[in-house]
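Participant: Letter by letter, the chains look like this.
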Amino acid sequence: MATAHSRSAARIMIAPAVFVLLVWMLVPLCMTLYFSFADYRPMRGVFEPWIGFDNYARFLTSSSFLSSLFTTLWMVGSILAITITGGVTMALLLDKPMFGQGIVRILVIAPFFVMPTVSALVWKNMFFNVDNGLFSYGYKFFGLEPFDFLSQAPLFSIIIIVAWQWLPFATLILLTAVQSLDSEQLEASEMDGAPAWSRFRFIILPHLSRAITVVILIQTIFLLSIFAEIFVTTNGAFGTRTLTYLVYQRVLESQNIGLGSAGGIVAVILANIIAIFLMRIVGKNLDS
Amino acid sequence: QDQVTTLTIATVNNGDMIRMQGLTADFTDKNPDIALEWVTLEENVLRQNVTTDISTGGGAYDVMTIGTYEVPIWGNNDWLVSLNDGMADDWDAGDLLPAIAGGLTVDGNLYAAPFYGESSMVMYRTDLMEKAGLEMPDAPTWTFIREAAAAMTDRDNEINGICARGKAGWGENMAFLTAMSNSFGARWFDEDWNAQFDTQPWADTLDFYLGMMNESGPNGAANNGFNENLTLFQQGKCGMWIDATVAASFVTGADSTVADSVGFALAPDNGLGPRGNWLWAWSLAIPKSSEKQDAAKKFVSWATSKSYTELVAANEGWANVPPGTRTSLYENQEYLDAAPFAAMTLQSINSADPTNPTVDPVPYTGVQFVAIPEFAGIANQVGQQFSDALAGNQTAAQALAAAQELTVEEIEAAGY
Amino acid sequence: MARAITPQKKIMWTALAWTFGLMMFFPILWTFLTSFKSEATAIADPPVWLFFDWTLENYIDVQARSNYPKALMNSIIIAVGSTVLGIMIAVPAAWAMAFVPGKNTKDILLWMLSTKMLPAVGVLYPLVLLAKWLGVMDSRILLIVVLMLINLPIIVWMLYTYFKEIPGEILEAARMDGAGLKSEILYVLTPMALPGIASTVLLNIILAWNEAFWTILLTTVDAAPLTAFIASFSAPEGLFYAKLSAASMLAIAPILIMGWFSQKQLVRGLTFGAVK
Amino acid sequence: MGQISLNQVTKSFGDNQVIPPLDLDINEGEFVVFVGPSGCGKSTLLRLIAGLEDTTSGHISIDGTDATTLPPSKRGLAMVFQSYALYPHMTVRKNIAFPMRMAGLDEATQKAKIDAAAAALNLTDYLDRKPGQLSGGQRQRVAIGRAIVREPSAFLFDEPLSNLDAALRVGMRLEIMELHAKLKTTMVYVTHDQVEAMTMADKIVVLQAGVIEQVGSPLELYHTPRNKFVAGFIGSPKMNLIEGTEAAKHDATTIGIRPEHLTVSKTEGLWKGRVGVAEHLGSDTFIHVHDTGLMEMMTVRITGDIAAKHGDTIYLTPLADQMHRFDAAGLRIT
Amino acid sequence: MGQISLNQVTKSFGDNQVIPPLDLDINEGEFVVFVGPSGCGKSTLLRLIAGLEDTTSGHISIDGTDATTLPPSKRGLAMVFQSYALYPHMTVRKNIAFPMRMAGLDEATQKAKIDAAAAALNLTDYLDRKPGQLSGGQRQRVAIGRAIVREPSAFLFDEPLSNLDAALRVGMRLEIMELHAKLKTTMVYVTHDQVEAMTMADKIVVLQAGVIEQVGSPLELYHTPRNKFVAGFIGSPKMNLIEGTEAAKHDATTIGIRPEHLTVSKTEGLWKGRVGVAEHLGSDTFIHVHDTGLMEMMTVRITGDIAAKHGDTIYLTPLADQMHRFDAAGLRIT
Ligand SMILES: Nc1ncnc2c1ncn2[C@@H]1O[C@H](COP(=O)(O)OP(=O)(O)OP(=O)(O)O)[C@@H](O)[C@H]1O
Ligand SMILES: Nc1ncnc2c1ncn2[C@@H]1O[C@H](COP(=O)(O)OP(=O)(O)OP(=O)(O)O)[C@@H](O)[C@H]1O
Ligand SMILES: [Mg+2]
Ligand SMILES: [Mg+2]
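Chains as they are written, first to last, in the numbering used here: chain A, 849 to 1136; chain B, 222 to 637; chain C, -2 to 273; chain D, 700 to 1033; chain E, 700 to 1033.
A couple of the hints might just be wrong.
Unchecked claim - The calculated lysine to any residue pairs, modelled on SDA-like cross-linking and capped at a C-alpha distance of 20 angstroms, are:
(1) C:LYS161 with E:SER782
(2) C:LYS7 with A:GLY950
(3) B:LYS513 with C:LYS129
(4) E:LYS793 with C:LEU178
(5) C:LYS179 with E:LYS793
(6) C:LYS261 with C:PHE22
(7) E:LYS1008 with D:VAL894
(8) E:LYS971 with E:LEU1018
(9) A:LYS944 with A:SER1031
(10) E:LYS883 with E:GLU729
(11) C:LYS6 with A:ASP943
(12) E:LYS883 with E:ALA818
(13) C:LYS6 with D:PHE712
(14) D:LYS937 with E:LEU863
(15) C:LYS7 with A:THR937
(16) D:LYS1008 with E:GLU877
(17) A:LYS988 with C:TRP27
(18) D:LYS937 with D:SER982
(19) B:LYS458 with A:LEU992
(20) C:LYS103 with C:GLU162
(21) B:LYS458 with B:ARG367
(22) E:LYS793 with C:GLY177
(23) D:LYS1008 with E:LYS883
(24) D:LYS793 with D:ARG828
(25) C:LYS7 with A:PRO945
(26) C:LYS6 with A:PRO945
(27) D:LYS902 with D:HIS891
(28) B:LYS352 with B:ASN378
(29) E:LYS793 with C:ILE167
(30) C:LYS103 with A:LEU870
(31) A:LYS944 with C:ILE8
(32) B:LYS352 with B:ALA371
(33) E:LYS965 with E:GLY1010
(34) D:LYS773 with A:ALA1044
(35) C:LYS6 with A:ALA1044
Honestly, the hints are just simulated from the structure, not real lab data.
For clarity, every value in this text was computed on a predicted model and none was experimentally measured.
So that you can see chain A by itself, here it is in the shape it has in the complex (with noise of 0.2 angstroms):
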């Protein structure tokens, strides 16, 4: 395959691609990171080119920063979990013979397809208000006190649009897993004498792994920049603020693009150290 000849067509070929993504990196990546050191307000007209780390220390050190670390945190990574169940038990069931399962597999392949500001203000007016929420509807059904779960439960509610809008995606790729999987690996567990949990435990489930595991990276590469669902439904309060959100508040609310900047920095670190650790596992995942 690989020829003198093939290899430099392969540099020049390659070479767009890496060349764009570059500039798209570095460029502003480069900027951000001088405005991180500048003391840049552009309301007051200040512009002070370099301050020290003076900006990194205010982001570091302020109060938001560690709970919306962790709020970011939480929030991924309740998704996932969530994401990964419901979609393993949805792809079992769609495997599962049935009539119309073209249609059931259209009807839970929709919410994909929704904007996130759509399927946040959706959700956010027409289910979880708590006046005229279709919940509320619900609770007040059962003589219950209806719940606001926007303030009440904020975070969950967050979680459950984005799940909602995730959850598709995880389904589906599992269930062409699920479908990959060879039938007489399943027969022979049977005939092995392993019960339908145990077939489950450890025939299935370890062949989900890699999918499972490629479900994880893409999915943390966009829930990590959740930020319309936020903005949307809480504007960040309830201790609904994200890394993405607070740096938001930073740039665009207070104004203060140093600190926003050095914030992004530190969002696109911590980013980082959480891909180059999800990439060891999806890499070696990819090898085998």
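Using the hints provided, position chains B, C, D and E with the ligands relative to the given structure of chain A.
Facilitator: Only chains B, C, D and E with the ligands this time, still in chain A's reference frame:
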């Protein structure tokens, strides 16, 4: 023919603005050389877009809809075009309500033309008040409001004595609470820019607010902003509602189920002098980065003129004209007849004093805000703390402590 | 060798799956129904399901208030444009990674993915300043490029996993048959990977369609897509559920329908080589 | 232990009857091989025995008790699949232990049995590898190991060697035969490979379209095929089947003569032909003979070498006592 | 046209030298087969000739001109891959036309050549199908068709039949041989199949670890293997290789005797042993003989049947003139 100049106008998606969009034809008929492009966005998104635009040197918009908070700051930064001259001849600057115009003027330059102005007041259900055996004074006290709210509350019939903003945000609950705190003698900063959330007046304000809302407020009040409360009131689920004066036309309008039994009163006080009412105007400003300032001035003149008011009146009735900007409107008998809330609105607006908002002297201007660039960021976060307290997730003391801490942090970061 | 299954079991699975399916779909269904109600019916207590006066009024109102066709056009151009541009850059890169792997191919791939973790808002100012400097604010081309860059890592990765499944022998056969690099990619690789390319395209159209941060911040009038359109419909003075629903349906319907029609392709593409 | 009877068993998939009523007895300790063309129902029959498919009608009994409705895990049989069906995420040790773990055996017993099986199958060095790191033959052995530890009353094999390359196939074939010699457990073995069937079986079952064409020992089938189908199916290269006048001379519709039962001469013989391709293997030579006027192409096998070139004229003479005769219905005439 | 020379060619992958310096001449019109154990470098060698890999050092010339650095498309060779490597999205016609399209031939010429190739390969009825709708043998033929139309100076085949089933393999083998007879183009053919090598080759090249062990005609290799490796590699079942005193008796370190060159008796003979597994194929019987004291297991091949049972005592006698002798270095002693 001549080249057509296209103006890009950023507006907030509220009713008056959308109505203006509908009347565009009137302007373009008169100015065939100008075309209008509307960018209509939800308030938060709008602010995010126009702020980014103006602070990065802008140029995307020729006319921006901004509030009383932004105008002085942006004017100070020399980002806005002064409207002292170049406006249409019949655009009568002297006719603007002094309180409103004052808030839009920096160093003698008027930097934005008010599209509509508002203060806040008490809207209440006359029928429920009667049922409770009480009578609303024209200028109630907070104590009265709290008692009346308790008396009107009838949870079985989904009637809450008091509706007020609880949703986090500097333009949501913090507008209400800051205005309210003024009447309790609280302030954001002392004259040396020290945050004041650790003082007794703030504790009193928050305790009172939480107490009243818990007794008589709606379930889920911590998520209720202007829109949510409006719906509640229109559905007949509120005994009283303290909010912007512009709401008056909606609660007495066609969408309201209780339009016939709405009364109005001044925002409450606490016997210390200031009332808990604010002052706000959605205004049209022209950024310096616009290359079409002349055309933009023509448009702003049209949109904030008396004749525009008449145009709306002719099309939609007097009750729907944008209120709170011109003295002449409140001298117009037709309007006063159509708008039972007119007098109370005018009185509310006139009684707000942005330069001396509270009992003690302050280094800033603004009634329900502090006119410094950092305010929005700080108040959003403080608002989250208070909203969290209203939701019952923390105590008033905790919320105040957190508010104090983060305000100190931010104000230090800002270099005060 | 699926084993025969009893009808009772099949009915049970059917019932269970449909229950779950409808639960997942319900929010969309409810939005759809609400969009045809009057505002009063929309918040009626108890909720009204099917038997109400269906009305198109909300759609007409929404239509009157904003330029839906223009936003739709922009969404289509931006989503398709960024995807096509991305594919054009990604195909050669994926070819190189899949068929001429070097020692650091995997590192390059993972590095590309990690650029996707850049929090958007962190680079907001730099990007806006750059766009201003280049004079491309509020242009479709800016959004096409930005969204392409955001999604490029995903495109490359997906294509890479697809290409890897194509036996290298076929490309060698083409070489033996006298094909140059261009012919090899154009006549052999691309058509063979067409299902994979199609699903990559679909997924990226969806991602680009739904991107709501940059598309709002970098546009005003000319390039504003449906995400900006929907941003003008949340809660103006009162909770207009019916109008909100109508606007929501307008914003998601095109992509939803496209997604449904291309469901099979998409499912294949979504697997990212997760399944061998 | 290990006696299996099928009594009027049928199997349909939907409307498609794959197995018409079928009777078959497999005796204890026997090595039974199912052969037949692709799609004839070999796998289906094996899976019916295993319990992986339900019978449509009829009864299956194992060791005298009715097993028709027993689930696979309760039948006491072990199966080795064509794809090995190893659990890819478990080590060899875990794979072999799996059935015992399911049965709840204690660790010590498990270990002892694993070690014994590994020793028997030459797997001791690989116990801690995953299946992905093993060669085809080793994987096959693991699959057998997993079957052995259960001490089943019979082993079922579905084309267990067809994924291996030729050399390995020979080796594994011997190993399975030796295993059978040692364990003396009943084995039911599906294959489409001539050589496997002939060399391994005590009893071959030839199937066609779900119907048993003949049951018998390999040499029985070789020497006295019951019909044309079996005659053509067993033996490689294929038996030459001749119809027409030449067959009529022997009072038959068809006569059959195996390639190894033809003698060759350059000068004289019964039938005359022209050499087509001659394949010299050193030990043997296969000659494809054309233009005999009897059938399109006749195959001859000669031990050792012969100097036959493309186009040469050649004479063939059948060994008379090795000729097979079939009637119009294709049945053997004895 | 079709003369290929390799001159001191080496190939390393990283530090791993897969082909040590190697010389080889392939004459015009020859059918050359590369055989050798898996991983010995057969494919690598073929791909070096094709230009799909760069040589690490040395020169390759085709028809007298240096082709060492030419890209594959410029060498005028055609290759048929093990996996057929058909373009699945093109019809058979387009597949066959592809190389001509690349060469920019006009439509009419293309059509004529396609028709000719299709006729020659019996593909006329399938020209408008896609490869997915063809059987294995048909696909193989399309791959060959695609190679033919280029009128290459040589064909390269890399295990072209190994994905086919046994019956088809035989058929395709014959077709390729006939093709060679017709076209008389040089063919270089890689296989690991004994029978293919023996039957098809004009010249067999036996490789081990990248080194050429012997080059010669099939029967040369069968009768006079140059060393122990070739002796063991060519012929099936394998030659029995005996060391020790018995070999010393013949003044050799090792003696070799093929299974078919042993005569068997129940009563007397040179060597005595015990019957292990006996494989009865009907036409032949392979007996595995243990406990001869000469080597672990000796294989004997008998034409026809013999009544040998597991455990019987048996006597073997080698045909003296068929014995091979090797010295300590493993080289043939003549
Ligand atoms: N699950 C099934 N549903 C429908 N038909 C089936 C099923 N399994 C097998 N068949 C059909 O039953 C017949 C016999 O199949 P079976 O797999 O037993 O053949 P086989 O003899 O094992 O063939 P091969 O040698 O190719 O493995 C075939 O015609 C096949 O199409
Ligand atoms: N691209 C490569 N990179 C590194 N090593 C390789 C590469 N290709 C082949 N090899 C090594 O070169 C040696 C020869 O490989 P080659 O494929 O030529 O063997 P082969 O004789 O064709 O074997 P087989 O009969 O299994 O096809 C092997 O040891 C193999 O591992
Ligand atoms: Mg089968
Ligand atoms: Mg090879």
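Participant: Report the numbers of all earlier hints that the structure fails to satisfy, in ascending order.
Facilitator: Violated hints: none at all, because every hint is consistent with the structure.
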